[in-house]
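J.: Residue strings, one per chain:
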Amino acid sequence: MRVLMFGWEFPPLNTGGLGTACYGLTKGLSKNGVSIVLVLPQASAGTEKISSVKIRAVNIANVRIKPVKSAMSAYMSPTEYERYMLKNKGRKPIYGQNLFEEVERFARQAAIIAREELAEGFDIIHAHDWMTYKAGLAAKRVSGKPLVVHVHATEFDRTGGLGANEHVYMIEKEGMERADAVIAVSNYTKQKIMEHYGIPSGKISVVHNAIDKDEMPDVRVEKNSSEKTVLFLGRITLQKGPDYFVMAAKRALEAEPDTRFIIAGSGDMEPRIIEKTAELGIANKVLFAGFLHDEDVHKAYRMADLYVMPSVSEPFGITPLEAVMNRTPAIVSRQSGVKEVLSHCLQVDFWDIDQMANKIVAALRYKELHSELRRNGYDEASKLSWSGSAQKCIGVYNLLLGKAG
Amino acid sequence: MVDICFYFQVHQPLRLRPYTVFELGKNSSYFDEQKNREILDRVATKCYLPANAVMLELLDKHPEFRASYSISGIALEQFANYKPSVLDSFRELVRAGKGRVELLDETYHHSLSFIYSKPEFMEQVRLHSRLIGKLFGKTPKVFRNTELIYSNDLARTAEQLGYEGILAEGADKILGWRSPNFIYKPAGTKKISLLLKNYRLSDDIAFRFSERSWKEWPLTAEKFAGWVNQVNGNGNTVNLFMDYETFGEHQWPETGIFNFMKKLPEELLKHPDNSFATPSELIRKHKATAELDVPQMVSWADVERDLSAWTGNSMQQSALQQIYRIESEIKRCGDEKLLEDWRRMQISDHYYYMCTKWFADGDVHKYFNPYESPYDGFIAFMNILADINERLKKANEGRELNEALRAAIG
Chain A
3 MRVLMFGWEF PPLNTGGLGT ACYGLTKGLS KNGVSIVLVL PQASAGTEKI SSVKIRAVNI
63 ANVRIKPVKS AMSAYMSPTE YERYMLKNKG RKPIYGQNLF EEVERFARQA AIIAREELAE
123 GFDIIHAHDW MTYKAGLAAK RVSGKPLVVH VHATEFDRTG GLGANEHVYM IEKEGMERAD
183 AVIAVSNYTK QKIMEHYGIP SGKISVVHNA IDKDEMPDVR VEKNSSEKTV LFLGRITLQK
243 GPDYFVMAAK RALEAEPDTR FIIAGSGDME PRIIEKTAEL GIANKVLFAG FLHDEDVHKA
303 YRMADLYVMP SVSEPFGITP LEAVMNRTPA IVSRQSGVKE VLSHCLQVDF WDIDQMANKI
363 VAALRYKELH SELRRNGYDE ASKLSWSGSA QKCIGVYNLL LGKAG
Chain B
39 MVDICFYFQV HQPLRLRPYT VFELGKNSSY FDEQKNREIL DRVATKCYLP ANAVMLELLD
99 KHPEFRASYS ISGIALEQFA NYKPSVLDSF RELVRAGKGR VELLDETYHH SLSFIYSKPE
159 FMEQVRLHSR LIGKLFGKTP KVFRNTELIY SNDLARTAEQ LGYEGILAEG ADKILGWRSP
219 NFIYKPAGTK KISLLLKNYR LSDDIAFRFS ERSWKEWPLT AEKFAGWVNQ VNGNGNTVNL
279 FMDYETFGEH QWPETGIFNF MKKLPEELLK HPDNSFATPS ELIRKHKATA ELDVPQMVSW
339 ADVERDLSAW TGNSMQQSAL QQIYRIESEI KRCGDEKLLE DWRRMQISDH YYYMCTKWFA
399 DGDVHKYFNP YESPYDGFIA FMNILADINE RLKKANEGRE LNEALRAAIG
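Chains A and B, in that order, are what the protein sequence lines are. Per the numbering used here, the first sequence starts with residue 3, numbered consecutively. Per the numbering used here, the second sequence starts with residue 39, numbered consecutively.
There could be a bad hint or two in this list.
To be verified - One side of the interface only, derived from the structure: several residues of chain A facing chain B at Cβ under 7 Å:
| no. | residue |
| --- | --- |
| 1 | D356 |
| 2 | N360 |
| 3 | A364 |
| 4 | E374 |
Everything labelled a hint here was simulated from the structure, so no lab data went into it. Every residue, glycine too, gets a C-beta built ideally from N, C-alpha and C.
Work out the full structure: start from the sequences and follow the hints.
T.: This is the structure:
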């Protein structure tokens, strides 16, 4: 089987969940004998960044990368795109004026690629998240092959339900409606797709993200401080709930004053969160570690006594899996998909500051709780694999091909 | 001749609130009143009231019919507080039975105290016995321990307390080749009799009745009576021990469980050698056929039939250790309310909810768990225990101050 896939740059270039998921799934599909032509939007085509992508990709059998010059990158919002273009004014004449133009331009490129690839042949088109849906549809139009759109997040998750962009929403809706099948990263997301986009249940398959035990880097950390540490790791944006994290930190410090809270990541809310820690009078207890790369991410998990993912809305949320694989227990927002595959964690409603703080204190204070979560969480996540997720994807492909043939 | 002995366990725990660390020292109301009331109300309507009506009907229709119950003190308290009609209906059942409905003793707080503190265990048994006397005018002669937890040691203790009989799970690992359908004498005792649950036949009703994938589904009274009849000639008794909530709560009314029970005595009595007996009648009628040695604790829980459902992980072990560690201090401090709260924290269900085995598979443990996870159960428990410890410290300080004052004045 051959798949024409519209995906996103792999880690370390893209440290967000989308890149990690595309990498994991590609690898898992390849392991199951599927060959893939992977079309990647790359702003900096030709620079050294590309070569590092190639290094990772070459390691995967049956995968051929097709870079397409584009100014769009995963998680980009229309405003961020405009800011990017302004910064690079005059130097990027080929790109669209705004993100939507760029999405359209990428789709035209996709049609060309699809026509080219028809010579060698492919069976399925698979597109990851809204910016590639139009590309997927264009390829479908050109080739007549069935299209699978893979929903890693919806506009409602990204904006935390506030001020969803109507245009983005329309592109998502059109993609889901006109695709032959929709893959959601969780039942939580499937529910959202049914509610907000009116897609019937039967058209949506759930394929949870995963983690591969043998991909975990072997990092060692020294813990010399008696102080306990609680980690937040992710983009500092509305969706990830960093404000709830610092409010819970304030409350938890009342009961456990010898605790340090670490915020690793960057994002548009960072200045506001820094300000907020000062307002709350806990600036000396909260450390901003900035954006972490590669092994530093895993070091951060290992250093921490506890990981918290307080997201307002998290379609999946791969970081708690990374935390428990590094043997750090996790507190997970109930408004997430990851809890469907990780039951050995603590769960809270993101808005319930008291319970979030209560559970933070309990996990730090009660050593039996900590050790049970640590052991059981690790065992549970160890059973997951991207190969398993890939097999579910192949199941969706087969269903479509059976129908088409 | 086979005597069929029905024994039903009646218990409802006091579920804890999601008590946070921030309430410590400020709030000493630990139990989820609303949830406990709601659940009791639901189970009363679905099970206790209609099941009692069926039993009353059976007693009326068949003079041979017998049934026995043990009702935890915690359940009886909740009946009195939330749903007095349930208490009335049990009293009516015992009264109308005229000796054909027997009440057994257990620990008042449905606790694991026997494993951790014998003095506390004996006090709770006494409390239960006293409550049964007060509410029903009866003095139980047969004992059954929480979750059918049993060992030689327990049988000896029950004998010392004056009981004539004791119940246990007829687990394969204690019986070996022997049959549960006889009366046994516990090793190391003189005259107490041991009655063993026939777990195959009991669980056919309690667990498998509505399971459509079971090859015997649907189970009819006629078919079940046929299985009991097969015991005739190689047994004195068939002990059918189960949760009373089997009727209408674990097995919903739509499964036909009530109609099954209504028809069962009639079907059983079709065989001329079948009859019914209460535990006390069994003991009077049949001599022990052999001695049974059970040095290790057995229970009726899970496939393991051991204590792992309550003591299997480190959270459970720590919670249990910490609650029993303060026993003597709690009893010395003289605060009655604190003593009772401490006892309520011994209800075995608190520890069952912390069980992590099979948690991810979403089995029976999850079904009965009021918390989202075993970890949440542990957190609420430990925070409350911290508050109890704080109250204990205060009570002791107060007592010491009083004593010092008295000494100074004296």
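J.: So, for every hint listed, does it hold in this structure?
T.: Cross-check of the supplied hints:
A cut of 7 Å between beta carbons decides the hint on D356 (chain A): the least distance to chain B is about 6 Å, and the hint holds. Given the 7 Å rule on beta carbons, the hint for N360 (chain A) holds: about 4 Å separates it from the nearest Cβ of chain B. The beta carbon of A364 (chain A) comes within 4 Å of a beta carbon in chain B, closer than 7 Å, and the hint placing it at the interface holds. At about 6 Å, the closest approach between the beta carbon of E374 (chain A) and any beta carbon in chain B falls short of 7 Å, and the interface hint on this residue holds.
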